[in-house]
Structures are given as structure tokens and as C-alpha cells.
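Undergrad: Residue-level listing of the chains:
Protein chains: 2
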Amino acid sequence: MATDHLSTTFAALADPTRRAILARLANGECSVTELAEPFDMSMPAVSKHLRVLERAGLIARGREAQWRPCRIQPGPLKEVADWTERYRAIWEQRLDRLDNYLQKLTAKEKKDGRKRRHK
Amino acid sequence: MATDHLSTTFAALADPTRRAILARLANGECSVTELAEPFDMSMPAVSKHLRVLERAGLIARGREAQWRPCRIQPGPLKEVADWTERYRAIWEQRLDRLDNYLQKLTAKEKKDGRKRRHK
Numbered sequence: 001m002a003t004d005h006l007s008t009t010f011a012a013l014a015d016p017t018r019r020a021i022l023a024r025l026a027n028g029e030c031s032v033t034e035l036a037e038p039f040d041m042s043m044p045a046v047s048k049h050l051r052v053l054e055r056a057g058l059i060a061r062g063r064e065a066q067w068r069p070c071r072i073q074p075g076p077l078k079e080v081a082d083w084t085e086r087y088r089a090i091w092e093q094r095l096d097r098l099d100n101y102l103q104k105l106t107a108k109e110k111k112d113g114r115k116r117r118h119k
Numbered sequence: 001m002a003t004d005h006l007s008t009t010f011a012a013l014a015d016p017t018r019r020a021i022l023a024r025l026a027n028g029e030c031s032v033t034e035l036a037e038p039f040d041m042s043m044p045a046v047s048k049h050l051r052v053l054e055r056a057g058l059i060a061r062g063r064e065a066q067w068r069p070c071r072i073q074p075g076p077l078k079e080v081a082d083w084t085e086r087y088r089a090i091w092e093q094r095l096d097r098l099d100n101y102l103q104k105l106t107a108k109e110k111k112d113g114r115k116r117r118h119k
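The listed protein sequences derive, respectively, from chains D and R. For the first sequence, the numbering used here gives the first residue as 1, with consecutive numbering after it. For the second sequence, the numbering used here gives the first residue as 1, with consecutive numbering after it.
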């Protein structure tokens, strides 16, 4: 079964090492050796993560024979952001409701505090 | 190995049926039977997807014995949106650059067109 594009992106992002690689590449392109350093991982393990990210279109690799720099491709990240946008109204509504509840709670506590002091 | 929260969320979202379930629940809570209808899926298959969404904290299920309505929990979606935000500058920069390039291309074509007419 062919996996849809957005599912491939989400699956690629479902790993902390791959997200850390993206965070590193957000500061500029670098080689696989440079990427492997902070992770204390073998080169094959890093290469495997890079293949997953490349397949999802989240990174691209240079074609220079000796040095194949990796660079971030932000297109799929924009797609994820656009997809989450349709739910923004829902979480903002919930946060507003929570905010109202807390305000009422604080107001009630102040009122009760005043009552106690007046007794 | 314990999976981090954000990875669990991304993994749960890496499936078109689960994203469709969330889209349905964005319109209001409903029962598992109602959710199963449009997907032409068996109840156990739908229940399996619901368990993945529930584990990721993307949905919650009512505790009423007869009818256990599902409702969306937007917290993890906000986390995904917040995570993508740090890459917004990158994709906006790329789109700006593409825009500049296209504007230059259009300007050049207009200029070349005028030159040809003047010959």
C-alpha cells in the first residue's frame, strides 16, 4: 500500500534522533560525520535515519562525490503546520475555558477570604 | 525503551484513518459505532486506532457504561504546532527567495519581450 505523503512525514518525525538532526540542520548544512558526532552513534545508524528523513523530503543531500552535505528541506514541516492549524480553534477554546474557570476560582477565593475577615 | 511524548504523538498521526477520526471528532464527540460508519472498517480495527489515539492523549473516552463517547483532546496537537513553529523562519525564507527569483524572471522576460518588439 502506498503511504500518503503526510503519513510519511509524521512517521519520519516520530523519533527524537531524527528531530535532533533536523534541529541541527536548521542552523546550516553539514556532513554526515558532523551530524554523527553529538549522537554517539555509528555511521550506519545515522545514515539510516538520514535515509528516512530524505525519503520524507525533510532533508536533501548534496551530490558532491567527497562531501555530501545534508540540508533541511522545510516543505513537509510547513505541511504539518498547515495541518495542525485546523485544530487551533479547538485548543484555544479549551485554554480560554480553563482560563475563565481559573479566574472564577480566584474571584471566589478572594470573596471567601473577605467574608472570613469580616466575621 | 520509553518513547518520548512527542514521538508517540507523531506516530499516532502517521496514519490517514487516525487523522480522519480526529477530523470527525473536531466537529463534536461521537460513539465508536458512528466513527466506524464512514470508514467501512470492522469495530475491532476502529477500536485499535482509537487505542493508539488515546495512548497519545489525542482523544479521551467517556466512562458511561453503555455509550462511551470519544472526544478530541487538542493538547498534543498544540505541542506539534509549537514544535513546527521553530522552522517557520526557514520555510518563509525559502518561499521569499523563490518569490524573488520568480519576480526577477518575470521582469527579465518583460524586458526581453520589449527588446524583441523594438528590433
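Derived from the structure by calculation, the hints contain no laboratory data. It is possible that some hints are incorrect.
Identical copies look the same in the list; a pair holds intra-copy or inter-copy alike.
The list that follows gives simulated cross-link-like pairs (lysine to any residue, SDA-like), each with its CA atoms no further than 25 Å apart [claimed, not checked]:
no., residue 1, residue 2
1, Lys110, Glu54
2, Lys48, Gln73
3, Lys78, Pro16
4, Lys104, Arg86
5, Lys110, Asn100
6, Lys48, Asp4
Source: prediction; values computed, not measured.
Undergrad: For every hint, state whether the structure bears it out.
TA: Hints, one by one, checked against the model:
When the C-alpha separation of Lys110 and Glu54 is checked against a cutoff of 25 Å, the pair qualifies neither within a copy, at 57 Å, nor between copies, at 38 Å. For the identical chains of this complex, Lys48 and Gln73 are intra-copy neighbours only, at 18 Å inside a copy versus 33 Å across copies, given an alpha-carbon limit of 25 Å. With identical chains, the CA atoms of Lys78 and Pro16 are at most 25 Å apart both within one copy (19 Å) and between copies (18 Å). Taking CA atoms no more than 25 Å apart as the test, Lys104 paired with Arg86 passes in neither setting, with 29 Å inside one copy and 34 Å between copies.
Taking the closest pair of Cα atoms, Lys110 and Asn100 come within 25 Å of each other only inside a single copy of the chain (15 Å); across copies the shortest separation is 58 Å, beyond that limit. Both within a single protomer and between protomers do Lys48 and Asp4 lie at most 25 Å apart by alpha-carbon distance, with minima of 21 Å and 20 Å respectively.
The earlier numbered hints that this structure contradicts are 1, 4.
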